[in-house]
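Novice: Chain by chain, the residues run as shown.
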Amino acid sequence: MTLIQEAGTDESTRLSTQPEAPRPRGRRFVQVRYAWRQLTSMRTALLLLFLLALASVPGGFIPQRPRNPVRVRDYIAAHPTISPTMDRLGLFDVFASPWFAAVYLLLFVSLIGCLGPRIRLHARALRTPPPKLPARLDRLPASDRWETGLSPEQAVEAVRKALKSQRWRTVVRENGVSAEKGYLRETGNLLFHVSLVVLLIGIAAGSLYGFKGSVLVKEGDAFASTALSYDDVQPGHRFSSGSLVPFNFTLDSFNATYTDKGEASTFDAEIDWRPSPDAASKKYDVRVNHPLVVGAAKLYLIGHGYAPHVIVKDAQGSVALDTTVPCLPQGVTFLSDCTIKAPNVAARGEQLGFQGFFTPTTKVDPKLGVTSVFPGLRAPGLTLAAFRGDLGLDSGASQSVYELDKGNLSQVGISPTMKVGDTWQIPGGGSIEMVGVDTWATFQVTQDPGKGLALLASIGIVGGLLLSLSIRRRRLWARVGEDSSSGRTVVEIGGLARTNAEAFATEFETISERLRGRSGGDARV
Amino acid sequence: MSELSDGLLLATVLVYAAAMLLFAGAGAGARGRRVQARVEAVRASRVLAGAGGPSVAEPAAPATPPQNGRVARLAIGVTAIGWLLHLTSIVTRGIAVDRVPWGNMYEFSSAAAFVAVTGFLVLLARGRVDASLGAFVLVPVVLYLGLAGTVLYTAAGPLVPALNSYWIKIHVAAAITASGAFLLAGVIAILYLVRERYEDTVARLALPDPGHRQTMVLRKERPVALQFPFTLGASLPEAKKLDRASYTVIAFAFPVWTFAIIAGAIWAEAAWGRYWGWDPKETWSFITWVLYAGYLHARATAGWKGSKAAWVAIAAAGALIIDYYIVNIFVVGLHSYA
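Read top to bottom, the protein sequences are chains A and B.
Under our numbering, the first residue of the first sequence carries the number 1, and numbering increases by one thereafter.
Under our numbering, the first residue of the second sequence carries the number 1, and numbering increases by one thereafter.
With the rest of the complex left out, here is chain A (with noise of 0.2 Å):
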């Protein structure tokens, strides 16, 4: 990618360090160059540009699989002869498709090869000092003039003294003095540049390197993060389990209010942690907005929902059950579905199943039946469907703790919605019975070893960009001679700068006065 810089004309108003051509070799080389020439070049660096936003289009309207799975499964439901093919294009997960890959890439190269000339040569423009003066100052876009009655000599060295205490870069010359200033925006521009393919590193280390493990927490329950403790986990392909940092805490209690509205106004997570096995334990809340950080890794709180206790008895009247089980969300008011299983009974064929959901305010609809109108607990209720038979868990098959495998199960009721403490006898022997209500939260850890380079490259790019776009490049030359008829000296200023000439007239005019103050100038001529 081509850098932004200002076309020039000659050699000495050309204010840009735009690379010359360098000297024809074989035909192998040039038709190479040429190839690396087109893709280094603004138009195709603008081009990719635009083609990179035109590519990251459907991941900004579809549903993206890494961050909505449930809503991509809904589309790919609603639209069955189109979604295939979408699929296949990676149209599902954009920012991971080899063709997204391709854009950013070919941009990245571009910009890596114009940058590797521009820093030479900007480099380069750095030691070398302000260009000659032109034949004709009054021809610039900004000049003055005016007679003086020191010497020549002290014309220049006060001329020469005024721009240097503004911080101009000077050079004498033998009839008068060179200046310029703002080397700074091209500084900036290059930092802001390299600062972009270090964020780029930053990412790809991120990911790389990176763990995020995601994990539900009863209350009352620890946790301790290994690679096998988290119910999900994303690591990074170079990430080693032993990097993982092996903090454990437990979770003490959890919160959340909500107003009159049922909008929620705060979630907290009392835990006591240790940050390694043998380590003293801390106290912690962890908030949205407030994770807890142990080392390079940071715990998050992420959701939250209700267990509610439950003791499941067989038909002998022997405790098959006794625990909390989570119910999962559905949505804002907190109609949980929730499954339990109760395999402990006396004969597998009279193992017990229950599907069904958890109202935290409980109310019953004339039009939806039993729902929910609050998420806060409030008046909770539970109401299940029973099945018996063989729950399948012996069969070898990996089985999600939130789904039955209803196959060798029947259907025996269907429970009145139960309050807490209300027991329902099962038909055909057994009975549940809520005890109470329980809450858990997810907590998802990440660790991310590129995140400080990125922030690093980040602050590059804000600071490389105020840089480039707020200074200006400007040339300033002062000839001083002799009038002729006269015989006094005659200081002659003139200045130009590529960009913003309105302010460059502003402060040219503030310049001047001043030179013409510190030369001892007089009348204006």
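It should be emphasised that the hints constitute simulated quantities derived from the structure, not laboratory data.
Hints may be right or wrong, so weigh each one.
List time: in silico DSSO-like cross-link candidates among lysine-lysine, alpha-carbon distance up to 30 Å [to be verified]:
hint: 1; chain 1: A; residue 1: Lys282; chain 2: A; residue 2: Lys298
hint: 2; chain 1: B; residue 1: Lys169; chain 2: A; residue 2: Lys261
hint: 3; chain 1: B; residue 1: Lys281; chain 2: A; residue 2: Lys298
hint: 4; chain 1: A; residue 1: Lys261; chain 2: B; residue 2: Lys281
Given chain A, work out where chain B should sit, using these hints.
Specialist: Using the frame of chain A, we list chain B on its own:
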């Protein structure tokens, strides 16, 4: 306090509307005089060029710098009053809700419109544009505020927990500042296209120069005529000036937008456990950013300067509007708050 803020916003809209009409009136009066002046200027420049004068003479340069007339000055004054009312409306909203007044789409839109008007007044004060732009800037502002006050209106209330962070002050304030400026630049870019077409047509209409057979042929085959909306170009500043004005605004807004995205990423890292996740809002902010980066490059690329760059600025403003409104209302994502 909340009612006071709502009332002040209504007053703001009415005052802006009045200023808009005054600007339109001032423009209509000035247009006739300016067309005459311009044709003369074109004629004069052609004569100069023919006589071997400076070859760089701009054919469409106005004979005298445009002066803001009496009505136009009145319109600017009325706009300034509207601006003060607008500011008071935002401040009282902030007091009513006891937090920064940019927590939902209604507040956001009002603040972005405020930034756009501020930007216009600053450009006016610095002489970068003149009062002829007034009506064109205020029409979208009035529509936008009207929409914000009706469709997007949200009663004063607290923030959802995800927004409850000091980052809302930084990230959202930067986003609003950049968007208000970008929208202003978008309006100026549209006016640039109108004016450019106008200048182009006037230059062709002006004088059939014996040295330019091309012009004559063109004129014979297809009579050049200006149609609405390009006739509006007569009352606008020169295309060059508009191009520079929209560039100035974008050069200001682009680093601010970049900062807003980075601040958002830092906030996202604290709130959601990752600094970037291609959430629809993030995706569209990225598209907007890339398009404005494209604009800055286009303005420095041969063959892309002028109207092509202006189209890029307009497309980028379109992406910005999608980012705010379409994404918030129609696309499900982490930023679906209001």
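Novice: Compare the structure with each hint and give your call.
Specialist: Hints versus structure:
no. : hint                   : result
1   : A:Lys282 with A:Lys298 : 15 Å, holds
2   : B:Lys169 with A:Lys261 : 25 Å, holds
3   : B:Lys281 with A:Lys298 : 24 Å, holds
4   : A:Lys261 with B:Lys281 : 26 Å, holds
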